[in-house]
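2 protein chains.
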Amino acid sequence: MSLVECIPNFSEGRRQWVVDAIAESIRAYPVHVLDVNLDHDHNRSVITFAGEPAVVADAAVAAVRTAAAHIDLQTHSGVHPRIGAADIVPFVPLRDVTMAECVALAHAVGRRVGALGIPVYLYEAAAQRPERRDLAYVRRGGYEALAREIDVPEREPDYGPTLIGAAGAVAIGARAPLIAFNAYLETDDVEIAKSIAKAIRASGGGLPYLKAIGVLVNGQAQVSMNATDFRQTSLYTIMTRLHAEAAAHGTRVTHTELIGLTPQAALLDYAVESLGLPLLTRQRTLESRLGEATGDYRPLTFE
Amino acid sequence: MSLVECIPNFSEGRRQWVVDAIAESIRAYPVHVLDVNLDHDHNRSVITFAGEPAVVADAAVAAVRTAAAHIDLQTHSGVHPRIGAADIVPFVPLRDVTMAECVALAHAVGRRVGALGIPVYLYEAAAQRPERRDLAYVRRGGYEALAREIDVPEREPDYGPTLIGAAGAVAIGARAPLIAFNAYLETDDVEIAKSIAKAIRASGGGLPYLKAIGVLVNGQAQVSMNATDFRQTSLYTIMTRLHAEAAAHGTRVTHTELIGLTPQAALLDYAVESLGLPLLTRQRTLESRLGEATGDYRPLTFE
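Protein chains in written order, with the numbering used here: chain A, -5 to 297; chain B, -5 to 297.
No wet-lab data here; the hints were simulated from the structure. Warning: the hint list may mix true and false statements.
[Claimed, not checked] Quick list of the computed label-pair ranges, beta carbon to beta carbon: (1) B/Ala22 <-> A/Thr92: 38 to 48 Å; (2) A/Arg89 <-> B/Val49: 24 to 34 Å; (3) A/Gln277 <-> B/Arg8: 21 to 31 Å; (4) B/Gly135 <-> A/Gln277: 33 to 43 Å; (5) B/Leu274 <-> A/Pro24: 21 to 31 Å; (6) B/Thr69 <-> A/Leu274: 26 to 36 Å; (7) A/Gly198 <-> B/Thr234: 47 to 57 Å; (8) A/Met93 <-> B/Ala102: 52 to 62 Å; (9) A/Met93 <-> B/Val49: 42 to 52 Å.
[To be verified] Listing some non-contacts, in silico: residues in chain A with all C-beta distances to chain B over 12 Å: (10) Ala98; (11) Arg127; (12) Gly213; (13) Glu251; (14) Arg276.
Note that CB positions come from ideal geometry on N, CA and C, so glycine has one too.
Can you build the whole structure from these sequences, using the hints too?
What follows is the structure in structure tokens.
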């Protein structure tokens, strides 16, 4: 059975009932809702679900429709870049499905969302224009800038009207799994977070496959990151660089958080690298060997 | 189906054919051999297998018999403490089996190994004398001391003859999963490794649930450790202490290694602690949520 993951982000992290309504519209389809995460500070939420491609497409369209009905970008506030009520809708191949199939899925969903009257931008592997592979480019200036500039040829949607309403627009894409990862600094100076973000991110000549911005959350400076290919730029590489930059700025990382669901492989890779273990230790866990031998991969709890 | 793990350690890490012969005698039974690890430096090997309790018992007795036939403790050399050809035979409950059942298994196997003419000492949860819960106590002085002292009342075996031959004796036990973990120091001074081991281990007033010795391996000082309860004293706690002690001794940890198979949970716990993530991140991996939702816990590879 082929399995696709969809991780839509919505511009609502405070009104629980709105996020519940969106989740319910997804659960109306035979998909598996794996996680619902409300981020009050960023006023943003992430729902993670998975299932067979055609059903995931139906559920994604329903989620976009519900979000558009309840979220008004003209009154929304939050520090995270966003262009729409349903802000991004990425599809990730999990099992027995190719990236090309996820690209086709993004196009099919984009066509249906466009028909609802919402402008659609295709991004990453689904992009039709090379510059739109970059989500930051698609969302530049946020909802406010897009509302002003949607008539400009460079901002013409891939699907839907060249006209933006209260629900904004949506970026629909296909991509590899990403790790959404925030590190809090022991300072209230957001400029330090911005300076560190600029130094470590790929676009500033820092680490490849890393996006980063500096924001202020509850009075604490935060480096908010997306690691877009953890096999190329690992969590350990990112943390090592982050600790060094923080020290150079006279501060330190107090704690971190992961948004949404992280591939276990990324955490295991981190442990192996940080402990200085041989790389093949990844395949040397009791659970993985037991799974290979018996076909039963259930975790062992040892509680 | 109940599942028990058995991780016998043998005093042979150089003659591949001997270890192969032992593994073959295990594979003659319907168990799953998960790992075969030869440690040339310690001249020691570890075979990890799992299966239903009664079959695991049969395979364990066969392995002890094969090891006794091919390994002569009178000519064996190696820095690791050992008392026998098959040196230790621990049983660990994995699924749908209690520690009490593993204790019963250790007794049953002990009785059968004793009948082969090999002295048996029951240790950890299977111990019949409180002091024998401690494997280090059981193995004190190694084969050489035991050969001299076996007539002393304190060293009377739990099963088998009060008489030691070339195959030595065997410690048979039941225990929770342990992590056998070595850290290499950037020094050839084994006294530093011994001093660090003494400072960090439970018996020296260091970290609870940690055993440690200092040894010299290929000209590099090594702290060789057993973490006997990784939920109580985590890999991260051990590493933090180890780094601090190494620094205090003017050296550092160059790399580490895990012997045998490590529970994945211990590595995930390490990542979560080291990254400063909320503890519940452990349950927030994509694989664990997908497993709970679909019943399919196979790892995702994203290669």
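Each hint, compared with the structure:
Under the hint 38 to 48 Å, the C-beta atoms of B/Ala22 and A/Thr92, about 43 Å apart, fit the expected range. About 33 Å separates the C-beta atoms of A/Arg89 and B/Val49, a value consistent with the hinted range of 24 to 34 Å. Between A/Gln277 and B/Arg8 the beta carbons are some 25 Å apart, a value that agrees with the proposed interval 21 to 31 Å. The beta-carbon spacing between B/Gly135 and A/Gln277, approximately 38 Å, falls within the hinted interval of 33 to 43 Å.
Separation of B/Leu274 from A/Pro24 is about 28 Å and conforms to the stated range, judged on CB atoms against 21 to 31 Å. The hint said 26 to 36 Å for the Cβ distance between B/Thr69 and A/Leu274, and at roughly 33 Å that hint holds. In this structure, A/Gly198 and B/Thr234 break the distance hint of 47 to 57 Å, their C-beta atoms being roughly 32 Å apart. Our hint of 52 to 62 Å for A/Met93 and B/Ala102 holds, since their Cβ atoms are close to 54 Å apart.
The hint said 42 to 52 Å for the Cβ distance between A/Met93 and B/Val49, and at roughly 44 Å that hint holds. Distance check on A/Ala98: its Cβ is at least 20 Å (rounded) from any Cβ of chain B, clearing the 12 Å threshold; non-interface status holds. Look at A/Arg127: its CB is around 19 Å from the nearest CB on chain B, clear of 12 Å, so calling it non-interface holds up. Distance check on A/Gly213: its Cβ is at least 18 Å (rounded) from any Cβ of chain B, clearing the 12 Å threshold; non-interface status holds.
Residue-level check failed: A/Glu251 sits 7 Å from the nearest beta carbon of chain B, not beyond 12 Å. Interface exclusion of A/Arg276 from chain B breaks down, the closest Cβ pair being 9 Å apart, not more than 12 Å.
Checked against the numbered hints above, the structure breaks hints 7, 13, 14 and satisfies the rest.
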